[in-house]
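Colleague: Line by line, the protein sequences are chains A and B. Read in order, the letters of the first sequence are residues 276 to 734 in the working numbering. Read in order, the letters of the second sequence are residues 276 to 734 in the working numbering.
A portion of the hints provided could be inaccurate.
Remember, identical chains collapse to one label, so a pair may be satisfied in a single copy or spanning two.
[Said to hold, decoys possible] Simulated crosslink set (DSBU-like; lysine-lysine; CA at most 35 Å straight-line):
id: 1; residue 1: Lys474; residue 2: Lys356
id: 2; residue 1: Lys681; residue 2: Lys632
id: 3; residue 1: Lys284; residue 2: Lys467
id: 4; residue 1: Lys670; residue 2: Lys353
id: 5; residue 1: Lys304; residue 2: Lys563
id: 6; residue 1: Lys693; residue 2: Lys348
id: 7; residue 1: Lys568; residue 2: Lys544
id: 8; residue 1: Lys279; residue 2: Lys544
id: 9; residue 1: Lys591; residue 2: Lys279
id: 10; residue 1: Lys544; residue 2: Lys632
No wet-lab data here; the hints were simulated from the structure.
2 protein chains.
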Amino acid sequence: MDVKEIYAKEEKLIGTEIELQGWVRNHRKQKDFGFIAFSDGTCFKTLQIVYDKDIKDFLEVQKIHVGSSIHIKGILEKSPKANQSVEVQANEISLINDAGEDYPIQAKQHSREFLREQAYLRPRTNLFQAVFRVRNIAAFAIHTYFQEKGFLYVNTPLITGNDGEGAGEMFQVTTLDLLNLPKTEKGDIDFKEDFFSSKVGLTVTGQLEAEAFAHAFKNVYTFGPTFRAENSNTQKHASEFWMIEPEMCFCDINGLMDLEEDMLKFVVKEVLDKAKEELAFLDQFVEKGLIDKLNRLVESTFTRITHHDVITLLKKANVKWEFEPEYGQDIATEHEKYLTEYFNGPVFVTSWPKDIKAFYMKMNEDNETVAAVDLEVPGAGELMGGSQREEDYQKLLCRMRELGMKEEGLEWYLNLRKYGGCVHSGFGMGFERLLIYLTGVDNIRDVIPFPRTPGNCLF
Amino acid sequence: MDVKEIYAKEEKLIGTEIELQGWVRNHRKQKDFGFIAFSDGTCFKTLQIVYDKDIKDFLEVQKIHVGSSIHIKGILEKSPKANQSVEVQANEISLINDAGEDYPIQAKQHSREFLREQAYLRPRTNLFQAVFRVRNIAAFAIHTYFQEKGFLYVNTPLITGNDGEGAGEMFQVTTLDLLNLPKTEKGDIDFKEDFFSSKVGLTVTGQLEAEAFAHAFKNVYTFGPTFRAENSNTQKHASEFWMIEPEMCFCDINGLMDLEEDMLKFVVKEVLDKAKEELAFLDQFVEKGLIDKLNRLVESTFTRITHHDVITLLKKANVKWEFEPEYGQDIATEHEKYLTEYFNGPVFVTSWPKDIKAFYMKMNEDNETVAAVDLEVPGAGELMGGSQREEDYQKLLCRMRELGMKEEGLEWYLNLRKYGGCVHSGFGMGFERLLIYLTGVDNIRDVIPFPRTPGNCLF
């Protein structure tokens, strides 16, 4: 039996004997009795265990420390307290493993910084129970959404010779002996001697390979780790994170926006539906109004507006900007915030200046903008970035040359435009960005089980 | 509309006009008519498109090459052929993108070696359509199984300072300039200057971190990439592959075996149910008897036997072994095969000699064997490897010291035994090993979208 089951069937189980194994989250001792907040990890809520001095080894039971694992037997009873439905009147509480007095996670408020250093223990706190349960629910909701729509899940490679966007900084991967590196005659590192006989690193995107699979399966998605070797020590950047990258053939940028909106609403609805207790906790202690925010998203209509019209709107606004909005330029966080407030909901910004977007995006007829789209979400900023892809071989080749990119290693990607190419589109969503939005937790380090950031690779 | 939908509703759609976009898999031309085997990627089966010389631009249509993308309009009709239910009588076929005459994937048998070099195009063949559809179905079945059982999906880190089992060879990950490496006074590489301020590599397992999460959520599972830098150029080894690693608290080795058996049967049943056409194809062209093999697994009882008794059995067998079975030694592939044939089904081999198993496995009372279990499956060999974990702090510490392992960096792992430790167990299953079993395809390179093996990191 487990706690989840008890709460699910509590009416039926009242008066019966139950037996549980789990952990002590809190232990309040009185002279003749005591209360244990008990968790076995199967649901967010703890279960109150009550014992009195008639229990076997009362004095030993009173010594049980927070964090210890215990085995209990008792009778499930209606709780006299207003904030809980049932509790267990214990007949027997036995210690499995004593956490001792130095157990780092005591029943008090710990700082998030401290808990990051205890990342292997922090899932035992309410905050991280909530966060990682939401993470689990959101991950499965994403899979469920795409599977129901007939998308094929594809695992694109992590180790790669491509640098994807030609932009993100990559980690190098090697098995060479760094103290004894093989050199070419010219004095460069001789990567022919390396494990893969070439220079490789960790991928920054699975998009290019996903495009290849979309040209065979029409609709595909990735959901896997990606990496950035950028030395960005911000709340929103991690060196290792998970991305969802759907790619659809015979789909233009309008179809893409339809999918993005539909998927996001589905995932938010699933979380609202399946993480009620977790969201209630997060709403109370992390982001006031979280549940309202998520409900509003589900009910909202997503606005679609071009980058040009956004700049016009921003210029007209009676706001003193830190960064002056300019045609042809990227928009800043303050602009994103203004936009989502102005439209009172999520906003798709389309038709971006080509020079601030990636090489593979479809050139519009004006030859100045590309069919890119960023989704700005209230309280989240840019949540998804996507585009229709350039399906014209010559145009793509020209654009790559214009940007000084090498075709070497990307011939296959170009060939997708030669061998049965078609209109196709895709987007990327950082899973942790979504989780920051869903949980209200503001630091990416707190939505990743064991975060990797510059200077930090603990556990 | 798509081909999947057409086959699903074919009775209703006969006689109606349909419109499709997709790719030419084959094109047979006669003087006055032609047949196109058409795929839009939405299901395994192709759809036959028939046209005759009355079609608009008949001569142009006849020039359409295999691999091209096309747009068709026509009427769905009952097919006169026995091996297909419906076909499309085309009114209009227009070319979207011509694949040309040099398209590498012609409608003929290509060698798997050739197709590996064309990994970006091979999903357009029947074989790889089948394989990657099975991969997708199996992946979602695994998630579904664990979610229904209340397991929490946890994403353990890929970049790590731990070498996991103390065994697997790891890829190094660095952002140091290899031509200008910082050195310590002693002349070693100064990893303090590296991105993470320490020496890191790509993980060989997520187990240790999964154990930490199991001690908060009871039942968890990973499903993500792992890496091996071993120079093994075999059919069964890849340098990058996906693993499933469940971990359960308050679960001993018997509960572990129950779960392994139940999960495997669930996944096989899902694939049998949802990949009927794919399996029929694989049964016919790749492994005769595949479907029977899978059905037998679902119906079978898994035998449980100790390593000691296995050796006794093998020694008694009237077989001339290449490798003589010995107490205290590992068993070879020929032994595994004999075992599964002898018991006519899957076999759990338990109680392994401690010296050939990992440090974290629970020591049995004999102090000679550990509570490890390998699952041997007919036609697959070792499919899963797991164990009850040593939950005793002192015993684990002693074993690590015995093996000359450093505690440094693993203090947190040891601490799991100090802070509310409990009986717990887990296993690992290589996803691609499972796929080799499910598809009958014998080379791991052919069940991974873009495989990475020594000397090969294409795409």
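Colleague: Taking the hints in turn, state whether each one holds.
Modeller: Hints and how they fare:
no., hint, verdict
1, Lys474 / Lys356, "neither (64 Å within a copy, 53 Å between copies)"
2, Lys681 / Lys632, "within (18 Å within a copy, 48 Å between copies)"
3, Lys284 / Lys467, "neither (63 Å within a copy, 55 Å between copies)"
4, Lys670 / Lys353, "neither (71 Å within a copy, 43 Å between copies)"
5, Lys304 / Lys563, "within (33 Å within a copy, 68 Å between copies)"
6, Lys693 / Lys348, "between (69 Å within a copy, 23 Å between copies)"
7, Lys568 / Lys544, "within (12 Å within a copy, 41 Å between copies)"
8, Lys279 / Lys544, "both (22 Å within a copy, 28 Å between copies)"
9, Lys591 / Lys279, "neither (55 Å within a copy, 50 Å between copies)"
10, Lys544 / Lys632, "within (32 Å within a copy, 46 Å between copies)"
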